[in-house]
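Taken in order, these protein sequences are the chains called F and Z.
For the first sequence, counting from 1, position 92 maps to 92 in UniProt numbering; every step adds exactly one.
For the second sequence, counting from 1, position 285 maps to 285 in UniProt numbering; every step adds exactly one.
Do not rely on the hints blindly, as some may be mistaken.
Computed beta-carbon distance windows for the label pairs [what the hints assert, rightly or not]:
no.	chain 1	residue 1	chain 2	residue 2	range
1	F	39	Z	29	48 to 56 Å
2	Z	61	F	16	49 to 57 Å
3	Z	3	F	170	18 to 26 Å
4	Z	27	F	55	56 to 64 Å
5	Z	143	F	16	17 to 25 Å
6	F	16	Z	113	21 to 29 Å
7	F	170	Z	162	48 to 56 Å
8	Z	18	F	100	47 to 55 Å
9	F	100	Z	63	52 to 60 Å
10	Z	99	F	62	54 to 62 Å
These are computed hints drawn from the structure, not numbers from a lab.
Only a predicted model underlies this, so the values are computations on that prediction, with no experimental measurement involved.
We put the beta carbon where it would ideally sit given N, CA and C, even for glycine.
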Amino acid sequence: MKAFLKWTLLGVLTIVGIFLLSNIGTLFLNEAPDKLRAIASPSIDWNAALSKLPDVTVVDPKSGILSVPYGRTQAYASQLVRIQGIYRVNAVPIEPTISWQHYTFTLKDELSGYLRGDLGMIRNTSINKDIPVKQELKAMLVRTSAYFVPGLLLAVVLGVGMSFASSLWRRLGETMDGVHSLLIALPDFFLIVLIQLAAIYISKFTDKRLILIVQIGKEVPFLIPFLTIALVPGVLLYGTMRLAFQRELAQDYVITAMAKGLSRREVLLNHVLRNVLEDLLTALPKATTLALASMGVAEAICNIMGLGGYIVNPTFQNVSAMPVTCAILAAIAIAFHGLYALLRRTFVISTKEAA
Amino acid sequence: MKPRATKSYYASWAIIALLLLVAVFGGWLKPHGISQQDKINLIPTTVDGKLKYEKPPFPPGTKFIFGSDHRGFDMLSLLLNGFKYTMGTALALTLLRFCFALPWGLWSGVTGRTSGALRTLQWVISAVPAFLFLFPPLYGMYFGLRLNFGAKANPQHLLTFTVLYFAMIAFLGIFPLAYQIAQRAKYYNEKLYVEASRLMGGGVLHTMRRHLMPGMRLELMFLFLTEFVQVLFLIGQLAVFHICIGGSETLEWDLFVDYFIPITTTGEWTALIAYGSTYIRLYPWIIISSGTCFAAVILALQFWIAQLKKRYGGTATVR
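Excised from the complex, chain F in its bound form:
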């Protein structure tokens, strides 16, 4: 119970840390946080125009510089532009500076927003519209899970299955070890690029759009992120399990079993497999972290509006939603680690010497 509480607290602190880090952008100020420049008609009566916005005051009527409450420039800009006589409202650029005041103000503002149920906005630059992230959250998670979960499962099946087969048939083992050495050296983004290029050339050759390479409207690519998430951690799991199988096959009990007439397949299935389970459960956390990183890269390259894509894709400029999406992704990663810890506790028998 104590260990459970300790690791839960650690998980929560990690998510809080990521939340704080993801707001670091607000530490760097390059626009005045309490001023706006309104481009208005020369004959505008500022007092009349701003009568409905008592918090806004005119600093310089000639250049149209207005003072707004601290940190509320975006909210007041959208209100001011609706006033007759005001054509456009811009931020006032300043020399980039570090502002802890702005950082702490943003943190407090976001936290109070979360308590009200406001999780922030996402700006899609292609349609130039701000969307509440709460509206998109369910779709985002479903979109990402559609290829992440099957991809990760396939990675486990491939990793364990291929290492089992490689231990069973020597020739296959030699070939797979060579393929493994090649794949482990390939960066995940390059793998995605190769799959995308293959998809482009297949489409050109067949004159049909067989494999979608970017998200178009609601049509989301599946094969590219799925293959990336399956291959990258799958290669890691293959390497780990291959070593585990080789280690166990060199043990005395295996040699004894084979000497007694059991076939290699029987020994692997009935004796070795259960003993390498611990290695699998030890490697799974790292494989999952790799899978999540590959997912982020795949969503960035394929322009997918998934959980990772919203964080890293410049098309979806996170107006205020980046901390939430980062925290959600971190929570998912930590939840997986918790699941594997639980599985290790359930299925792995730890043996200690008696005192």
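Dock chain Z against chain F, hints included.
What follows is chain Z alone, placed relative to chain F:
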């Protein structure tokens, strides 16, 4: 007794030597220039007897083997020139990580202190993808300091960003590395000869310097090389998210209104990957050439590490 050197072993050394030569002399070896006066706007070509003008980026051909970028700069020349910056960045990051992780790991392994903290911090860093720690603050900093203005950005801000980029990437890797070193140091620390040295009055520093370091030297070397490859992977991943360092310029592309293309001025490889990933459908040769060279270097390093491990076994041999 170490096994005899094989042809593969010598081949791996030859490849590494070649890479070092390219890193040092790449700037002189490049076939075309990459300065302002080398920019190409249009190339006249004759198609079916008619004179036509081609605008860059040019596809791979006889003049530009790997094609060109939007400025008409030869991709091969950019890659040759930028190789040293990429390798230098990765090497600096790896060295920075080792500077902190090695003494901490050794000390923790010998004394047993801070092992809990190391284990916890190692778990925190490994539980979550690295880009979650690095991308949001670096992205925010990049736009906050107006570095997206390319050559017009304030050089002091660019320096601040570069320093923080190095600091953050190095910092993130210290804990898992220190934890690994601590685990190995603990293993060697429990050996009888180390225990004997302690009983004879050997202190922590003496144990670290005289017993652990010589015993772990091969493992540390392999760890360094593996860490170097991991750093290359990480900076490549950040490049796909358009976070990279080095000089860049912003090209105004006249085919579209208000369309600017940020491109590296030095040919730094991660910046080329960032630039190429945006145009994978229109100009695939940019990402293919930079990505292939990046992957080839990592393959060469992995091959070299594998050959070294085969020859030297990964642990110090008793003479």
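Against the structure, the hints come out as follows:
Between residue 39 (chain F) and residue 29 (chain Z) the beta carbon distance is about 54 Å. The supplied range of 48 to 56 Å therefore holds. Our hint of 49 to 57 Å for residue 61 (chain Z) and residue 16 (chain F) holds, since their Cβ atoms are close to 55 Å apart. A beta carbon spacing of about 21 Å between residue 3 (chain Z) and residue 170 (chain F) agrees with the range 18 to 26 Å that was offered as a hint. For the pair residue 27 (chain Z) and residue 55 (chain F), the beta carbons lie near 58 Å from each other, so the given range of 56 to 64 Å is met.
Taking 17 to 25 Å as the suggested C-beta distance range, the pair residue 143 (chain Z) and residue 16 (chain F) conforms, at roughly 24 Å. Here the CB-CB span from residue 16 (chain F) to residue 113 (chain Z) is close to 26 Å, well matched to the stated 21 to 29 Å. In this structure the hint that residue 170 (chain F) and residue 162 (chain Z) lie 48 to 56 Å apart at CB holds, the actual value being about 51 Å. Taken as a hint, the range 47 to 55 Å holds for the pair residue 18 (chain Z) and residue 100 (chain F), whose Cβ atoms sit roughly 50 Å apart.
The given range of 52 to 60 Å is respected by residue 100 (chain F) and residue 63 (chain Z), whose C-beta atoms sit roughly 54 Å from each other. Checked against the hint of 54 to 62 Å, the C-beta distance between residue 99 (chain Z) and residue 62 (chain F) comes to roughly 56 Å, which is consistent with it.
Hint compliance for this structure: every hint is met.
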